[in-house]
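Trainee: What follows is the residue order along each chain.
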Amino acid sequence: MNPDSEIQLVEAAQNGHLESFGILYERYHSSMVALAYSMLSDRDLAEDAAQEVFAAACRDIAKLKSKEKFAAWLAGICRNTARQMLRSKGRDTILTDGQLTVSSTSDGDSQLRTVVSRAIQQLKPAERELIVLRYYDNLPYERIASVLDVSIQAVNGRLNRAKRKIAKYLKRNGLTGDDYETS
Amino acid sequence: MKRPENNEWLDKVLSETIGSKKPRADFEHFKRKHPDAVEMLTSRAGANSASRDPLTIRNIIMKSPFTKIAAAAVLIIAAFVGVRHFGGSIDGTTVAFAQITENMNKMPWMHTVVEGAGERLEVWYSYEFSIKVSKHANGEIKYKDFRKRVLQVYDPETSTVTFSHMMPDAQAGMGDSALDFPKLAIKLFEDAGEKVVQETGKYKGRDVKIFKMSGFLGGMDMKVEMTVDAEKNILLFLNQKAEKAGKLAMEANGYFDYPENGPESIYDVGIPKSAKIVRSEKEEEKKAYDKAFEEAILVIDAREDWPEPHDLVMKYWQARNAKNYDDLAVFWPGSATWNRQALEKEEPIEYVFDEAQSTETQGHIIVPYSTKNYFGKNGKYSLKMRLSNEKSSKGRYYIISGN
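Here the protein sequences come in this chain order: A and B. Be aware that the first sequence starts at 1, since it is given in this note's numbering, and climbs by one per residue. Be aware that the second sequence starts at 1, since it is given in this note's numbering, and climbs by one per residue.
Read the hints as simulated data drawn from the structure, not as lab findings. Backbone N, C-alpha and C fix where the C-beta goes; we use that ideal spot for every residue, glycine too. This list has only true hints and no planted wrong ones.
Just a sample of chain A residues kept apart from chain B, beta carbon distances all over 10 Å, derived: (1) Glu6; (2) Ile7; (3) Gln8; (4) Glu68; (5) Met85; (6) Tyr141; (7) Arg143; (8) Ile152; (9) Arg172.
No more than 27 Å apart at the CA atoms, straight line, and that leaves these computed lysine-lysine pairs for DSSO-like: (10) B:Lys232 to B:Lys377; (11) B:Lys244 to A:Lys124; (12) A:Lys67 to B:Lys241; (13) A:Lys165 to B:Lys212; (14) A:Lys63 to B:Lys31; (15) B:Lys223 to B:Lys204; (16) A:Lys165 to B:Lys223; (17) B:Lys391 to B:Lys323; (18) A:Lys63 to B:Lys247; (19) A:Lys67 to B:Lys247; (20) B:Lys31 to A:Lys65; (21) B:Lys394 to B:Lys315; (22) B:Lys212 to A:Lys124; (23) A:Lys165 to B:Lys244; (24) B:Lys12 to A:Lys168; (25) B:Lys244 to A:Lys69; (26) A:Lys69 to B:Lys241; (27) A:Lys69 to B:Lys223; (28) B:Lys223 to B:Lys212; (29) B:Lys394 to B:Lys287; (30) A:Lys124 to B:Lys241.
Here are the in silico distance ranges between beta carbons for each label pair: (31) B:Tyr203 to A:Lys168: 38 to 46 Å; (32) A:Gln111 to B:Arg24: 25 to 33 Å; (33) A:Glu26 to B:Gly139: 36 to 44 Å; (34) B:His364 to A:Asp48: 40 to 48 Å; (35) B:Arg120 to A:Asn173: 44 to 52 Å.
Throw the hints in and build the complete structure from the sequences for me.
Mentor: And the structure:
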């Protein structure tokens with residue numbers, strides 16, 4: 001991803017060029033679904049949230065001053081949208097009570113996935129965001145870094161720390177049986 | 001990397017657990033679904049849109065997650081006090097913090113000035129009258145009477161005061177606040193909980209305890225310092241810093257004092273007497289509340305027996321802990337319209353109760369109470385529930401407010 005070209009896309013969208021906004025939409029749609037999913041723990045709701053995020057972005061993109069921060073700006077809208085959805089569902093807390101819905105399977109992996117889901121849920125919200133962004137759609141570090149507005153090195157370090165926590169949780173629940181370390 | 005095969009295994013398991021069929025990014029579908037938004041964007045073609053729609057500082061604060069959190073975090077304590085007082089619940093995980101808020105609850109008024117993130121906010125709380133007044137730097141003032149469920153908003157641009165009826169569950173505190181303080185506060189402390197350090201020091205000549213917290217939040221390293229009066233155990237000063245890549249990105253300060261008296265009306269905080277009054281009743285909400293209230297009074301008067309005030313308050317909390325909403329709806333008329341899911345999430349708390357006491361208001365009495373834990377440590381009650389018998393044809397008391 002060329003940062004300069006992204007800034008140009010944002011500028012063009014700010015000047016009413018719909019196709020440029022469309023490219024940004026295609027580029028960040030799955031990131032926003034993943035980010036919303038990390039908060040809402042519901043895939044369908046996350047899809048709806050992403051739609052709302054881009055609708056808001058479409059309306060408000062002219063207000064974005066730091067064009068190089070488009071992804072982080074979008075992520076901010078996404079978090080707010082997800083919080084509003086939680087509120088409208090009458091949930092009292094943010095990011096604390098949901099458990100990620102896991103794909104239903106008929107094989108023995110179902111139990112494993114449930115425990116892994118619990119392991120993800122016990123992470124701090126920022127760590128959960130990172131893990132879901134990474135594994136929901138196998139997002140590259142570069143894209144995650146722009147969405148979270150941190151460096152690629154920070155993404156790598158934090159991802160490793162979050163994975164270590166997950167591995168420890170799984171080990172405590174007897175699911176790995178091996179030591180786990182990452183570089 | 002000690003066992004790379006485990007890393008691969010974990011990657012696989014995480015992908016299988018979280019991973020989804022790639023969500024379809026269908027821009028054509030988006031355009032059909034959001035024609036208004038698309039039209040708004042395309043209408044800017046040929047215009048210098050950025051200069052047409054400049055951002056105000058307030059907009060920046062509202063729209064940026066980073067500044068929003070930074071600005072909000074300085075109001076953590078105020079938020080907790082508001083939540084606690086007006087009938088909501090707080091997370092009991094931070095015991096010391098809960099103790100501080102409980103002490104602050106006992107103060108007749110709290111006055112807060114928060115500065116930072118390009119914003120200044122001044123807030124007064126009345127614990128006696130369940131009133132919150134907030135004054136923003138742009139001149140906007142909100143006066144909330146939680147007992148009467150009346151909201152007054154002064155708009156400096158139009159020089160009008162709009163009166164409206166608050167939602168019944170607004171008494172859960174400041175949840176309707178734009179910055180959503182309580183939830184952010186809970187989140188911040190949960191995130192930062194593992195790094196709390198307590199020190200002692202001096203603040204304006206007083207002996208103080210300083211709680212230092214830090215945590216990673218919203219893409220930044222957040223640091224919060226709370227300065228607490230060592231004797232009274234109430235908050236005096238709060239400093240919050242947000243750092244990004246080791247550099248200070250945001251700093252805000254909150255100053256707290258506890259006057260005997262506060263503003264008695266919205267006019268006491270600086271709005272011109274010439275401001276026009278506008279009414280904006282949300283009739284449906286009011287009707288739902290009134291209906292629930294009337295139904296509860298009918299039940300109260302129809303029952304063969306009705307508990308005395310002390311027992312009523314005790315039963316109310318027993319019912320609330322047991323999630324017995326039918327009883328709640330009767331003991332506290334109108335509460336049937338509260339946010340049921342929020343109540344559902346409350347953790348049970350054990351309370352102890354004093355005898356009922358009369359008040360200066362005819363037909364009103366109060367029942368002091370406290371958490372069992374607080375009473376055990378301090379030997380006194382820190383909270384109150386207010387009851388009235390005004391609407392009961394049999395003069396039976398029911399709950400009308402509490403903290």
